[in-house]
Amino acid sequence: MLALMARRKLAWNRLAGSIEECGSALRLLEDLEEANDPRLFAVESAEITLDQLEERVISYEREDIQLVTVLDAAYPMNLRMVHDRPPALFLRGALSPADERSVAVVGSRKASPDGLEKAAEIAKDLVARDYVVVSGLAAGIDTAAHRGAREAGGRTVAIIGTGLRHHFPKQNTDLQDELGRESAVISQFWPGQEARRWTFPQRNAVMSGFARATVVVEAGNTSGARMQARLAIEQGRPVFLLRSLLRHQWAQTYAHERPGTYVVETSEEVVQHLDRLYADDLVLTA
Amino acid sequence: MAVGVEEASRTYERAMRNVAAAGPGVCEVCRTFIDPNKYSRCHPCAFQPDNLAAVVPITYSERLGQMHTALRNYKDGQSRTVRRNAAIRLAAILWRFLGDHEACAARAAGVEGFDLVTIVPSSSPARDEQSPFRELTGWIRPLEARMRQLLEPTGAVEGREFDADRFRPVDDLAGESVLLLDDTWTTGGHARSASATLRAAGASEVALVVIGRHIRPEYVPVDGSGETCGKLLKGLPESFDWTTCAVHE
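Top to bottom, those sequences are chains A and B. Heads up, the first sequence stops at 286 in my numbering, and the numbers go up one at a time, no gaps. Heads up, the second sequence stops at 1249 in my numbering, and the numbers go up one at a time, no gaps.
Honestly, the hints are just simulated from the structure, not real lab data. Among the hints, erroneous ones may be present.
[To be verified] Rough simulated footprint, nothing fancy, chain A against chain B, three-plus residues with beta-carbon under 8 Å:
#1 1005 to 1015
#2 1065 to 1071
#3 1083 to 1092
Glycine included, C-beta positions come from ideal geometry on N, C-alpha and C.
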């Protein structure tokens, strides 16, 4: 599977589905190699070998980095249901069956004091209702959500936009290490991957897919949280926009036109919607 | 706990695409993409028995896209939670669509309305016994009075091709018109096999409403054009319009 990821023959967000359909990563790898133009083979074989990859995995384990693939039973259940799930996750800490009740709380890096307070409050309320708070370990709203959940004694999981060997931003190094020891820090990128413009949007798709729903606290027109709202809705996951967001044009468009978007004022409303939409005994009514 | 049909039906709306109108480059039956210079129907629709009075796909379903993922998860999802979560939302799509467009399908089929509604069974008797699609369609309350099991798999036929021996009738049909429901149309072999058996059992007309018209994004309908089905899908309007359908007038 890592060889398939390294070779980049298939788009990252279609690789997991292709592997699952094939039933075996090795068979898919062999099929792809067979289909290759033989003249390209010399170039291909200069790429990383399976042996080298095995050594890498062993070295990750020495750093306490585990690997969970889409073929493992431990792969997160919510993520399994979305089209753009990554083939493998790198992980510090441990996944939990409780992660099925994950809610992402996201927003701007440059947040107002009100926004930070609101994020922490929502995180606390979610934890009190046995939800797991997921965020991206960025400055601002993300940090406030993680800290709010921790202070309330709840589980909070970080899904980061770099490889696990990196800390971004640096001031959250301690928080990242704490979460890696006590709950989970997840990355879909090779552990050495640095922060790039494209890593964050890809990460947002994994965060929205890992969570049952995304709550956007404060986010301007160019925010990554806005991007996550779009990705969540494409995955069929509800998005909750705090009413204060409606001063932004994008939030108004979402509120009026997009399916699965709910404008809320309190975390209690978020919980009520989630308890309904994900009820075990859910039935349809006209 | 209850969720409204309209709310649930919109879950995958951003992944749904209205099927293109029949015309150049679009199969006049199943609405897949074809070479406009050579054909008016795709190969399977041109060469299988033409025994469906109307074929009405609700949305395209791009291979490995979110609709395809949902259409797989409701059957093969790893846990009951995953399967049911997808199933209830797909049931809502079918419920809402039929409420608005069953009459369109009937008109296209040349009948006043459908006397009976049934599903295309699985080809394997073991799988059919616990058919997730039968369970899903069972939640669509407006269909309850007309919903009947009319077909069962013989178990003798595998694969996707049309085969009149794939299913056998459960009952004789005395000239009734039948609305056939299915989750996915890939080549139409299953639906046409089902229709052949229903017609042989006496059905007057059989029409099909199917949730997803499966599309392989890498397929290139016009040789050498480089224009893939994936690209053609991207060119379709992004917002799904519930007020129209493949046979809307």
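Next on the checklist: Cut-off 8 Å, C-beta pairs, minimum 3 residues; does the coverage of the region 1005 to 1015 of chain B by chain A stand?
Outcome noted: Since three or more residues must qualify, the claim that chain A covers the region 1005 to 1015 of chain B holds, with 8 doing so at under 8 Å.
Item to check | Outcome, coverage of the region 1065 to 1071 of chain B by chain A - at least 3 residues whose beta-carbon is closer than 8 Å to one in that chain | outcome: holds (count 5)
Checklist entry - Counting residues of the region 1083 to 1092 of chain B with a beta carbon closer than 8 Å to any beta carbon of chain A, are there 3 or more? => result holds (count 7)
Of the numbered hints given earlier, the model fails none.
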